[in-house]
Amino acid sequence: MKLSKCLKHALNMMIHSKLRSWLTIIGIVIGVSSVIAIVSIGEGMEQSLNAQIDDLGGDILTITPGFSRSGDKHFRYLPTLSTQATDDETVLDRSDIQALKGIPDIDLIDTQIRGNVDVSYRGETGSLSLTGVDQKVWSKITTEDIRDGRMLDSADQNVILIGASLADNYFDQTLGINKVINIEGSSFRIVGIMDDQSTNVIMPIQMAYQVLDDKEKDIYDSIVVKIRDEENLDVVVEKIEYKLMITRHVTESDRDFTVTSNVQIMEMRSEMMSSVSLFLTAIAAVSLLVGVVGITNTMFTSVLEKTKEIGIMKAIGARNRDILTIFLFNAGLIGLVGGIIGVILGIFISEALPYLMGDLTLASGGTIVSLNVVILALSISVLVGMFAGVIPAYQGSKLKPVDALRYE
Amino acid sequence: MEPTDTLLNFENVWKIYQMGEVEVPALQGIDVKIKKGDFVAIIGASGSGKSTMMNLIGCLDVPSKGRIFLKGQDISQLSESDLATFRGKTIGFIFQQYNLIPTMSAFENVMLPLEFQEENDSIASKRTREILEFIGLSDKMHYLPSQLSGGQQQRVSIARCLVTDPEIILADEPTGALDSVTGENILKMLEKLWREKDKTIIMVTHDLNLAKYANTTIELKDGEIIRIQDG
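For the protein sequence lines, the chains are A and B, in the order given.
For the first sequence, my numbering assigns the number 1 to the initial residue and increments by one for each residue that follows.
For the second sequence, my numbering assigns the number 1001 to the initial residue and increments by one for each residue that follows.
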C-alpha cells in the first residue's frame, strides 16, 4: 500500500475513535505545552539576566566582611552567606578605606550600610530596606538609572531616593518628587525615583547612621569600588585581597572578608537559573513520558479493537508492513496533533505566565519561543508517538489472518 | 507438473490443532483437485472441517502436513508478504458476516483491495464505480455499512471481492446471515459470475439447498472427504 494511503487510513482510524484519540492527545498536549512554556520562560529569563549583566559593567567590586568556607566556590560570592559568616568582631572600617586608597587601580570608593526601617506616609506604615551610601561617589558608581528627579548630591542632607515600586504601588497614594515621608521618626524628602522595580530607600550614609540605631559610625556593611580598567578585574581583585589581608593581619586560612564582582554574582545567578530551568524541563519531560505511555496504551487497545479489521485487511491482500505502517502513522498522527496543540498552548502559557505570576522582572525579560524549540517539539511529539506505537503496531501486523478473522 | 486446468490441488493435507496437551485433527489427509471454472460446494455438518479447509484454500492458514498447490504454486513455500499479495490478486473472499470495515463507506471498502495492490488512483476509482454499478449499488456507494441492509452489505462484500478480478471466489456461508429471498439473489449473482465471468467459485455451506447451484459437491465428515459428487 502506498504511504499516502496508509496515512489516509491512519487518519480515518483517528477520526473514528474520537474520544480515545482526544484523551491520548491531551496527554501529549500537557507534556509538550509545559516543555514549550518552561523552555521559553527559561530562555526569556536567561536573556533578561544577560542584559542585566551587560548593564552592570564589569568594573564594580563589592567588599563585604566575613568569608564563607563552605568549599563551593560559588557560595563564596554570595554576599548574604558571607555576611552571615561574619562574627561581631569582623567589620569593615576606615582603615580598610585607607588601605584601598593605596591601590592605584581603584578609581572610586563608596561605603554603604544597610538595614530595615519603619517608614510611614499619611498614616500608612511599612518596613523597608534602607541603604546608606556615600552620596559623593555613589552616583558615579551605581548602575541604577533615575526615572524622575535627580541623583543624590554631595550637599544633600534629609533627602532620599526610592525604588519605582515603592513610589507607585507600596502606599495607597503614589509617592512623587518632593513628597516627604517619615523614616524612624525623621522626615525625608524624595528627590529621585529610580528606574527599577524595587522598594529600596537610598540616603546619604551620614543620615543612615542616625536612622539605623544599631550601626556604629565609620563601620561599613560593604565597600563598593570602581576600578579604572575593567580588563584588569582579576588582577585588581588579587591586589585588594592581598592588601587587605596585610592590613587586617589575616592569612588565606583565616581570611575575614570577601571581594565579589557584580558580574560574578550575575553569572552565578544565570547558572542557577539554567539549573532551575533544566530541572523544570525535566519535570515537564516526565509528563511527556506519561503521554507516551498513554499513546502506547491507546495503541494496544486500538490494535485489540481492530483485530478483526486487521484480519479482513490481510484476507483482501494487506501485507504485514501495510498494517504496521497504518498503525505507526496513527500513533504518529496522535503525537503530531498533540504536538501542534501543545505548542500553541505552550506559547499561550509562556506569554501569559509572567503576568499571571506577577513577576515583573520576568515579564520585562519576556519569554522567548524560538522556532527551533517549536520544530524540535513537533518532531519529538511525532517521533515519541511512533515510538510508543511500535510494539502495538508490530503485534498487530504479526497477527495471523485466520486468528484475526475469528476474533470477536 | 500440474495439469493446466487444475487450479487448486490438495495433496494429503492435514490440519491438526493443539488443544492443551491434546491434538485435535481438523483435517485428515485430504486429497482433492479443483479445476478452473468449477463451482464447488463444500458441505458438511458443524465441526466437519469445512471452515478449516476454507481457510487453507484461502491461504489464510497453512497445513500441518501435506502440500497445497494454488495455480501450481506450493503456498507453504511463499513468504507471508508474498502470500498476502498472491492472495489479494488470486482470491476474492465473501464472508458470512460480510466483514466490511465499519468506518469506511461502501466505495472505500470496495476500493481497499486495489489500494493494497498499489493500483493507480484513477484506475482504482473507475473500477470501483463500475463494480458497484454492476452489483446495483451505485446510488449507495457513499453509505457506511451500518446504513445498508444485510443484503446490500453482502453485495458490497461481493463487489470488494470482484474488484481485483480474482480467479477464485471463496464464499463462506454467503447467505448465512440473510433471509431466504435475499440469500437466493446472492446465490444467483454468484451463479451469474460463474457462468458469465468464468470465475471459479468455492462455497462453504451447511445448506444442501444452496449446494444445488454448484457443479461439484464435496462432503466432509470428521475432517475427511466422504463424498465428491459431480453435476
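Do not take every clue at face value.
Said to hold, decoys possible - No more than 25 Å apart at the CA atoms, straight line, and that leaves these computed lysine to any residue pairs for SDA-like: (1) 1033(B) with 1072(B); (2) 8(A) with 1033(B); (3) 226(A) with 268(A); (4) 1089(B) with 1164(B); (5) 8(A) with 1072(B); (6) 1065(B) with 18(A); (7) 140(A) with 114(A); (8) 308(A) with 1033(B); (9) 400(A) with 1164(B); (10) 217(A) with 131(A); (11) 18(A) with 1033(B).
Unchecked claim - If you anchor each label on the Cβ, the simulated ranges turn out as follows: (12) 1206(B) with 23(A): 43 to 49 Å; (13) 23(A) with 1184(B): 43 to 49 Å; (14) 1020(B) with 281(A): 51 to 57 Å.
These are calculated hints, taken from the structure and not from any lab test.
Think of the CB as a built atom: it goes at the ideal place given N, C-alpha and C, for glycine as much as any other residue.
Here's how the hints hold up against the structure:
Between residue 1033(B) and residue 1072(B) the CA atoms are separated by roughly 11 Å; this keeps the pair inside 25 Å, and the hint holds. Proximity of residue 8(A) to residue 1033(B) is assessed by CA-CA distance (about 41 Å); at most 25 Å being required, the pair is judged violated. Between residue 226(A) and residue 268(A), the direct Cα distance comes to roughly 21 Å. Compliance with the 25 Å bound is thereby established for this hinted pair. Restraint check for residue 1089(B) and residue 1164(B): the C-alpha separation of about 6 Å stays at or below 25 Å, so the hint holds.
Under the criterion of a C-alpha separation no larger than 25 Å, the hint pairing residue 8(A) with residue 1072(B) is inconsistent with the structure, at around 36 Å. For the suggested pair residue 1065(B) and residue 18(A), the alpha carbons sit about 46 Å apart, so the restraint of at most 25 Å is broken. Using a Cα cut-off of 25 Å, the hinted pair residue 140(A) and residue 114(A) holds, with the two alpha carbons roughly 19 Å apart. For the hint linking residue 308(A) to residue 1033(B), the alpha-carbon distance of about 31 Å lies beyond 25 Å, and the restraint is violated.
Restraint check: the Cα-Cα separation between residue 400(A) and residue 1164(B) comes to about 22 Å, which is no more than 25 Å; the hinted pair holds. Proposed proximity of residue 217(A) and residue 131(A) is supported: the alpha carbons are some 14 Å apart, at most 25 Å. At most 25 Å may separate the alpha-carbon atoms for a hinted pair to count; residue 18(A) and residue 1033(B) exceed this at roughly 49 Å. Roughly 44 Å separates the CB atoms of residue 1206(B) and residue 23(A), a value that falls within the hinted 43 to 49 Å.
Distance hint check for residue 23(A) and residue 1184(B): the Cβ-Cβ separation is about 47 Å, which falls inside the suggested range of 43 to 49 Å. Between residue 1020(B) and residue 281(A) the beta carbon distance is about 53 Å. The supplied range of 51 to 57 Å therefore holds.
In the structure shown, a violation is registered for the earlier hints numbered 2, 5, 6, 8 and 11, in ascending order.
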